[in-house]
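A.B. asks: Each chain, written out:
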Amino acid sequence: MVKSRRRAFTLVEIAVAAGLVALVGIVAMRIFSTVGTTQQNLSQQAMLQMESRRAFDHLVDQIRMGTDIVRPTTGETLPFMVFKDVINQMTILYLEPNNDAANALEQRVFRLVSYRSDYSGAYQSDNEKILLDSVKSLHFTSLSPTSVQVNATVVNEKGDYQFLAHIGLMNLGGLE
Amino acid sequence: MIVVRRAFTLVEVLIGFSILASIAALYLVFARSSSKELQFSADHLNAVVLSQKVSEDIIEELSLNPYGFETLGVEGSSSDLEVIEGRSVFFSSIEDTKPPYGKIDINSDGAIGQHMQPLYDSVEKFKFKVGGQRLANSGDHEDRNLMRGKIDFFWNTQTGRGEFNTSMQIFSPVTSKKVDLGLIIDQDAIDARIPGQVFGRPSQSISEISASTGENVETLLAFGRIALITRDFAASEYYVRRKNEIKQLRLRLGNTPSTDLDAQFELRKDIAETWYDMAQICYQIVAYLEPHYEVLQSQGKLTTANGTGFNSVSYQDMAYYRVIYEYFAGSLLQTRYYYSSLLHPALIQYKGGKVQTQLIQKLIDLYRIIAILPTRSSGMQEYRSFLARIRTLSEGRYPYLYRFATFERGLLDNPAEWLQRYPNLANLHHVIAERVPVILGFIKSSTVSIITQQ
Chain A
1 MVKSRRRAFT
11 LVEIAVAAGL
21 VALVGIVAMR
31 IFSTVGTTQQ
41 NLSQQAMLQM
51 ESRRAFDHLV
61 DQIRMGTDIV
71 RPTTGETLPF
81 MVFKDVINQM
91 TILYLEPNND
101 AANALEQRVF
111 RLVSYRSDYS
121 GAYQSDNEKI
131 LLDSVKSLHF
141 TSLSPTSVQV
151 NATVVNEKGD
161 YQFLAHIGLM
171 NLGGLE
Chain B
1 MIVVRRAFTL
11 VEVLIGFSIL
21 ASIAALYLVF
31 ARSSSKELQF
41 SADHLNAVVL
51 SQKVSEDIIE
61 ELSLNPYGFE
71 TLGVEGSSSD
81 LEVIEGRSVF
91 FSSIEDTKPP
101 YGKIDINSDG
111 AIGQHMQPLY
121 DSVEKFKFKV
131 GGQRLANSGD
141 HEDRNLMRGK
151 IDFFWNTQTG
161 RGEFNTSMQI
171 FSPVTSKKVD
181 LGLIIDQDAI
191 DARIPGQVFG
201 RPSQSISEIS
211 ASTGENVETL
221 LAFGRIALIT
231 RDFAASEYYV
241 RRKNEIKQLR
251 LRLGNTPSTD
261 LDAQFELRKD
271 IAETWYDMAQ
281 ICYQIVAYLE
291 PHYEVLQSQG
301 KLTTANGTGF
311 NSVSYQDMAY
321 YRVIYEYFAG
331 SLLQTRYYYS
341 SLLHPALIQY
351 KGGKVQTQLI
361 QKLIDLYRII
371 AILPTRSSGM
381 QEYRSFLARI
391 RTLSEGRYPY
401 LYRFATFERG
411 LLDNPAEWLQ
421 RYPNLANLHH
431 VIAERVPVIL
441 GFIKSSTVSI
451 ITQQ
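Protein sequence lines correspond, in order, to chains A and B.
Per our numbering, residue 1 is the first one in the first sequence, and the count goes up by one each step.
Per our numbering, residue 1 is the first one in the second sequence, and the count goes up by one each step.
Hints should not be assumed to be uniformly reliable.
Once the Cα atoms are required to be at most 30 Å apart in a straight line, the calculated DSSO-like pairs of lysine-lysine come out as [claimed, not checked]: (1) B:K269 - B:K243; (2) A:K129 - A:K158; (3) B:K362 - B:K177; (4) B:K150 - B:K129; (5) B:K177 - B:K98; (6) B:K150 - A:K158; (7) B:K150 - B:K36; (8) B:K98 - B:K125; (9) B:K177 - B:K125; (10) B:K127 - B:K36; (11) B:K247 - B:K362; (12) B:K127 - B:K150; (13) B:K36 - B:K103; (14) A:K136 - B:K362; (15) B:K247 - B:K269; (16) B:K178 - B:K36; (17) A:K136 - B:K127; (18) B:K125 - A:K158; (19) A:K84 - B:K125; (20) A:K136 - A:K84; (21) A:K84 - B:K362; (22) B:K177 - B:K150; (23) B:K129 - B:K36; (24) B:K269 - B:K125; (25) B:K127 - B:K103; (26) B:K178 - B:K269; (27) B:K150 - B:K125; (28) A:K84 - B:K103; (29) A:K158 - B:K36; (30) B:K103 - B:K129; (31) B:K98 - A:K84; (32) A:K136 - B:K103; (33) B:K243 - B:K444; (34) B:K98 - A:K136; (35) B:K36 - A:K136; (36) B:K98 - B:K127.
If you want the ones that stay clear, here's a sample from chain A, every Cβ over 12 Å from chain B, calculated [what the hints assert, rightly or not]: (37) F32; (38) Q89; (39) Y94; (40) E96.
Everything labelled a hint here was simulated from the structure, so no lab data went into it.
By construction, the Cβ of each residue, glycine as well, lies at the ideal position given by its N, Cα and C atoms.
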């Protein structure tokens, strides 16, 4: 039986192979990295959209409970809103700093809070709701006593999303 | 047994990497497609929210003015509207960003400009069309009071064109109210009393009286109804009783501290409502009897003085019609005075903007009627001044009301069109401005001739 003799790789072969492996590896790594980043971006953008939709829905739900806008008065733009509901309870929507989010995002970030005062006048924690965690800016403009325009910017790691909504209040109460 | 583990050959490694790279490339294609979908979803959300804004604007506009599509400038227009730079009326009063604060100047602020990022970039691409149509274009059918609105948003996307359509149905009354004045009076009971109480012939029917006097039945009924309804109204002392109620309310108002805003408001409102009820009742009588006078006129005045013709009693009946008309006009002015007093700044600050708008709407109705009263020559000028005050109050603050006041002020320059736009007002105009002066003239001439005969 003839014993076969295995020849070792030459230096050139090893160098070429190592070079190719490195090249392919780098390309592959870049592709994987891009894929990861893209996925993360997509996910963050989707989150931002979801947050914005949630913000919009929460605002609509809250404001539609009201029957009369107390502030802003018509023609006025304010960063907060006060309205009265059908049983004369007052609700205030306002922004308070969200320091944790501000530190993480390295910019000013607020929470949108809703507080409904009841007849006792005393603070009731149950009446306080956080409507939104990460708001960059929010303005209420009243163009009639029965509806309000909301200009809100929601923020997360991947950017801002601004929307402009016009919300009508419950058509109850008044003179009759 | 010795197992010899062979390393991967270069070809195998390359194939492996190639497969992974292909998968990654496929994923990238998928991710790019997802990104487009995500962008479309973001645009769609914007279109939904913007469309809702346009819907709310239309609702607000039509709640103040049934011709709101005209005042918004979208009726009969098929051109594309834009969201940015205040190029459409719907997006020209967004925020009050510049002094003087509390008033949005559409020339200097209010629009979505480049300063409003990232909103500007995300809505720049949107165009939209707005259309509105009544379910019945003409006539007096109830469907004419319903409007179907349509809002179509569209925008260019990486894959084509996005579109979001909304349709809405809004109640916006423009036809006249269907009021049967016959229902407010028990006509059969009145008619049964006519032979005895008006003609002194309780045992006879109207037909028998007609046969014996030569007057036709229609004329006798008209005369009898005028006589009994005006007498009943006088005898009921309705006006006196209601005036006494008002006296009591005014007394209470006088004793209420001006700081008790709730009581001040409620008492003034009660007085205004009482005056309004009185005006309404008096108008109903005036309007109900108006065709009866027409019958008397068209049939020729009553010729037999004894029994069926004019006498001192019927003179009183006729004269009382004028008194009822004067009660109506006077009550209307008092109603306007007391509703106007509710617009006092302290009271409105207490009651809020919604009540203010409702009061303005009520006052507009009253000013309109007073403007057509033949006995109130200053009525039209008073209405013009009121509209001018509304324009000043609402400019830059309440665009829907501002546009309404501007539109209405323009209509007043063409009274025929103004009346044609508001059929209820046209009906009132027919009775108050066209027929009442004729009736009062008829009463005057008829009674003068009777007095002369006697």
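A.B. asks: Just pull the numbers of the violated hints for me, sorted ascending.
C.D. replies: Of the numbered hints given earlier, those the structure breaks are 5, 6, 9, 13, 14, 16, 19, 24 and 37, listed in rising order.
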